[in-house]
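When you get a sec, could you build the whole thing from the sequences and use the hints?
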Amino acid sequence: MPSSATVTLFQTLNVESLDSDKQLPGDVVNEMKAQSGFQQGFFGQKLEDPGTWVLATEWLSPSAANKYIASTKDHVQAKETLAYQFDTAVLKAPCTEVFTAFETEEGFEEQVGRFVSAVEGDKPEGYEGADYGGEVKVDGDGDGEKSVRMVIGWVSKEAHVEAKGRPGAIQENIEELRTKRKGVDLFHVNFKEL
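In the working numbering, the protein residues as written are -13 to 180.
Just so you know, these hints were derived from the structure itself, not from any lab. Watch out, some of these pointers could steer you wrong.
Derived pair list, reagent style BS3-like, types lysine-lysine, alpha-carbon separation capped at 27 Å [claimed, not checked]:
| hint | residue 1 | residue 2 |
| --- | --- | --- |
| 1 | 178 | 59 |
| 2 | 123 | 166 |
| 3 | 65 | 178 |
| 4 | 65 | 78 |
| 5 | 109 | 123 |
| 6 | 78 | 8 |
| 7 | 123 | 168 |
| 8 | 166 | 59 |
| 9 | 32 | 8 |
| 10 | 150 | 78 |
| 11 | 143 | 32 |
| 12 | 19 | 59 |
| 13 | 178 | 150 |
| 14 | 8 | 178 |
| 15 | 19 | 168 |
| 16 | 123 | 53 |
| 17 | 32 | 132 |
| 18 | 19 | 78 |
| 19 | 65 | 168 |
| 20 | 53 | 150 |
| 21 | 65 | 143 |
| 22 | 78 | 143 |
| 23 | 65 | 123 |
| 24 | 8 | 53 |
| 25 | 32 | 78 |
| 26 | 8 | 19 |
| 27 | 65 | 109 |
| 28 | 59 | 150 |
| 29 | 65 | 19 |
| 30 | 19 | 32 |
| 31 | 150 | 168 |
| 32 | 132 | 65 |
| 33 | 178 | 166 |
| 34 | 109 | 53 |
What follows is a list of derived Cβ distance ranges for each label pair [unchecked claim]:
| hint | residue 1 | residue 2 | range |
| --- | --- | --- | --- |
| 35 | 148 | 36 | 18 to 26 Å |
| 36 | 107 | 16 | 35 to 43 Å |
| 37 | 152 | 80 | 33 to 41 Å |
| 38 | 22 | 152 | 25 to 33 Å |
| 39 | 151 | 63 | 14 to 22 Å |
| 40 | 36 | 169 | 17 to 25 Å |
Note that CB positions come from ideal geometry on N, CA and C, so glycine has one too.
Spelled out as structure tokens, the structure:
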């Protein structure tokens, strides 16, 4: 099971949310950090799509995350907002692989857990840690499709590409990620702490 009770919001941002240097405006960051329940935040571009930025913020509870969304909706133009529970320490790695499975079935989260345990037990070169968690509803709406997100820290995107091409825990356990879900999304971000 994931090791954190806090909630991590992942927001995919429109360019309108950024300043001319493609950063979050300082007043927005200060307002975010001043919110009750804010723990820490990370920001970076998708390496596969340099026109898309990702903001990951950790909150003490779903209600704190919901209050943040409501208070910044005029300043943070998010194309997508998803919330999960897992340890955000992996986001401090030089590069973070972000894997999301959509429309998951019962048992998929346990399969991800087995995959993470196998990789942790036979660490590939360049691996820096991993965690995962199921989607958390922060707006009180319990309906919708379930997703599961796994984050893996690497020394670089290239280290991930090399590791999955070699025999080892990833190749031997990849089937855990290929069943009981309909769609997937995978990208890499070199997050910087806010």
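Among the hints numbered above, which are violated by the structure, and what are their numbers in rising order?
5, 8, 15, 20, 27, 28, 33, 34, 37, 38, 39
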